[in-house]
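Q: What follows is the residue order along each chain.
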Amino acid sequence: MAESGTQDLLDLDELRAENGLTGRRHLLSLLVENRPGVLARIAGLFSRRGFNIDTLAVGPTEDPDISRVTLTVDGAVHPIDQVTKQLHKLVNVIKIRDMEPDKTVAREMALFRINAAADNRAEIIEFTQIFRAHIVDVSRRSITVEVTGTTEKIDSFERMVRPHGLIEMARTGEVAIVRARPES
Amino acid sequence: MRAADALCEALNAEGVKHVFGIPGGASLPLYDALYDASFEHVQVRHEQAAGHAAEGYAKASGKVGVAFATSGPGATNLVTAIADAHMDSVPTVFITGQVRTDLIGTDGFQEADVTGITMPIVKHSFLVTDPAQIPDYIHKAFHIAKSGRPGPVLVDIPQDLSRMEIDYEPITGAPKLPGYQPNTEGNIKQIRIAAKALANSRRPVLYAGGGVINADASEELRELAASDRFPVTCTLMGLGAFPAPDEQWLGMLGMHGTRTANYSMDEADLIVAIGARFDDRITGKLSEFAPRAKFVHIDIDPAEISKNVPAHIPIVGDVKKVLPKLTGEYRALAADSSRLDEWWRRIEGWREQYPLHYEDTTDQEIKPQRMVEEMYRATGGDAIITSDVGQHQMWAAQYYHFAKPRRWLNSGGLGTMGFGLPAAIGAKVAMPDEQVVCLAGDGSLIMVCQEFATAAANDLDVKVFLMNNGHFGMVRQWQELFWDERYKSVEMGPSPDWVKLAEAFGWTGILCDSKDELAGAMKSALETEGPVLLDVRVTPNENCYPMIPAGAAARDMVG
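First to last, the sequence lines map onto chains W and R. In case it helps, my numbering puts the first sequence at residues 419 to 602. In case it helps, my numbering puts the second sequence at residues 398 to 956.
Just so you know, not all the hints are guaranteed correct.
Unchecked claim - The calculated lysine to aspartate or glutamate pairs, modelled on DMTMM-like cross-linking and capped at a C-alpha distance of 20 Å, are:
no., chain 1, residue 1, chain 2, residue 2
1, R, K573, W, E451
2, R, K460, R, D676
3, R, K586, W, E436
What the hints assert, rightly or not - Listed next, with one range per pair, are the computed distances between beta-carbon atoms:
no., chain 1, residue 1, chain 2, residue 2, range
4, W, G468, R, Y751, 33 to 41 Å
5, W, D483, R, L683, 36 to 44 Å
6, W, P482, R, R728, 48 to 56 Å
7, W, D483, R, S684, 41 to 49 Å
8, W, N437, R, A853, 35 to 43 Å
9, W, T440, R, I585, 22 to 30 Å
10, R, V955, W, N437, 27 to 35 Å
11, W, G468, R, Q440, 54 to 62 Å
12, R, P572, W, T440, 32 to 40 Å
Since the hints were made in silico from the structure, they are not lab data. Ideal Cβ placement from N, Cα and C applies to all residues, glycine included.
Model the full structure from these sequences, guided by the hints.
A: As structure tokens, this is what we get:
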């Protein structure tokens, strides 16, 4: 339909515009220049435009001049397209990838300090084993567990241990990387 | 070479001829370097005016405007101008002195985190941490300020660093900015679809904004319009991008636009937005904006596309490059022009029924609209007009029929009162051979009246035509129409004697309060050498019409 000068019709009624809402959670992976103030620019952009960041993780990459920012945004509330385009306007943001769920390996780490008196200690340890988590600290009254996995796995671990008395929780937010293609 | 001297060399290399500013403690090394610089420094009387002058300079000439300020209050005084330049996409570079690096973070004397403060209102900013960065940062700042969608760039330089010695080597070639590559070409497939949409449209409107002027694409816009009698309307920022005397011109659109323009948008089946951003002053009630239309949106800033109004055919690119392609593709389709006949009959009907009008007085009282009409005649319609913000600005937009780009310099997005006089100063510095007239409001002018001194000290032949109605007129109008006439703090009270005030600064002051004398007063103001203030007393409570009340739809225009 896009040949120059051809007379085929284009019915205006058939034109559609997207509102940009995808209805799902998006994981954005940003490569940014490793400079002071870059994170402030990103955070400032989100607050100024009224976008909400669900999780945020920042760290170095294989290149010392470049950092990776991984953040999750709710695409049901914010037009993801608008979020990424605004981020692209930041001069220090080099690349943005909207990670496709089935082509992405994403992991989050969390630490849970859980009430562990004598009567429920065994159960906590059992959960830890089921979730392939690790006990990293222990005291007379509590156990601290490190869980790594998908966000859903950490959510369900939280649901399991919360009734036992969740004293404190710290989550890193997801980091992600593109899945390698199968060797052909 | 001393870093401050390298800064001047770098500015020189960027082709800078004038900068505006005020010195201070943290910028002493910079001003010491300016002593020997080959470009001129225009000393203003308040940093905000330095910023607006830089904007006026940029808007009138298309070159990058530059302003200097010292740290702390000098830098914070620039903030309004930086925000203004950001909203209206004005290519500007702001250079601020910062306290010494050992004082940063200690709440030192005249310390303010200006890069932090301005982060949401700059296109980009640089905080110098190593003096050797200075030439590179200046090179990058100019590139970013003027390319893509233009905007303000701030460079903050700690005082101790600007005194250090560096190895200066002139920088040439494109700066290395891996995260900054504006797309300028426009996707040809999308352009072809847009051309087809135009060919199949029966009620098209071209809606052009300030982006056309920024891109110097007025000629290209005219070509597209001429390819098939497409009706054209412009935003406040786009006035002059299309010649108002042209018969395809519908007038300005938006809150105080013409009924013809707004009704055309309301009934259009295809709107081609060109370097415009669907501001709320254009759309009114968003859900009822142009309900029958499909949208082609051409803009160099991808983030503008579908930001407020979802685009059916988005085209990211420089309008100067996209428009000729669109015109070419459209012409190749050889569409039947007669399909637009009915649309033009409709438009002609609105034109006849709803021309811009006001009721002139029968006595000597001067209506503000009459003042603008008289000003149009007196200047031959060809002056560079700057304005403040408010009723007078809207009347100028309605009654001064701009025929060329870069003739209408005003603050549209931020709506900054006090923009007019310093912008006129900047414009006159940039274009010394052009007639520069500031149409000022009395509420606005008093906010920047210290700048009379700048014009006098620099022998700048600017004219200020003061539309003196004794009020913050637009606010008064809103209180009258929408707040039950509960007038609060909108009367200016005992105004200064403007003629004496002007004379105190070394200007010529002229008073005019009668209609018969208006033309003569304007003529003599324009013919008098040097800066002149013409104080025109106009009807104090005239309202600006027509108007789309805030939050209403275009078809609900009043007045």
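Q: Against the earlier hints, flag every one the structure doesn't satisfy and list their numbers going up.
A: 2, 8, 11
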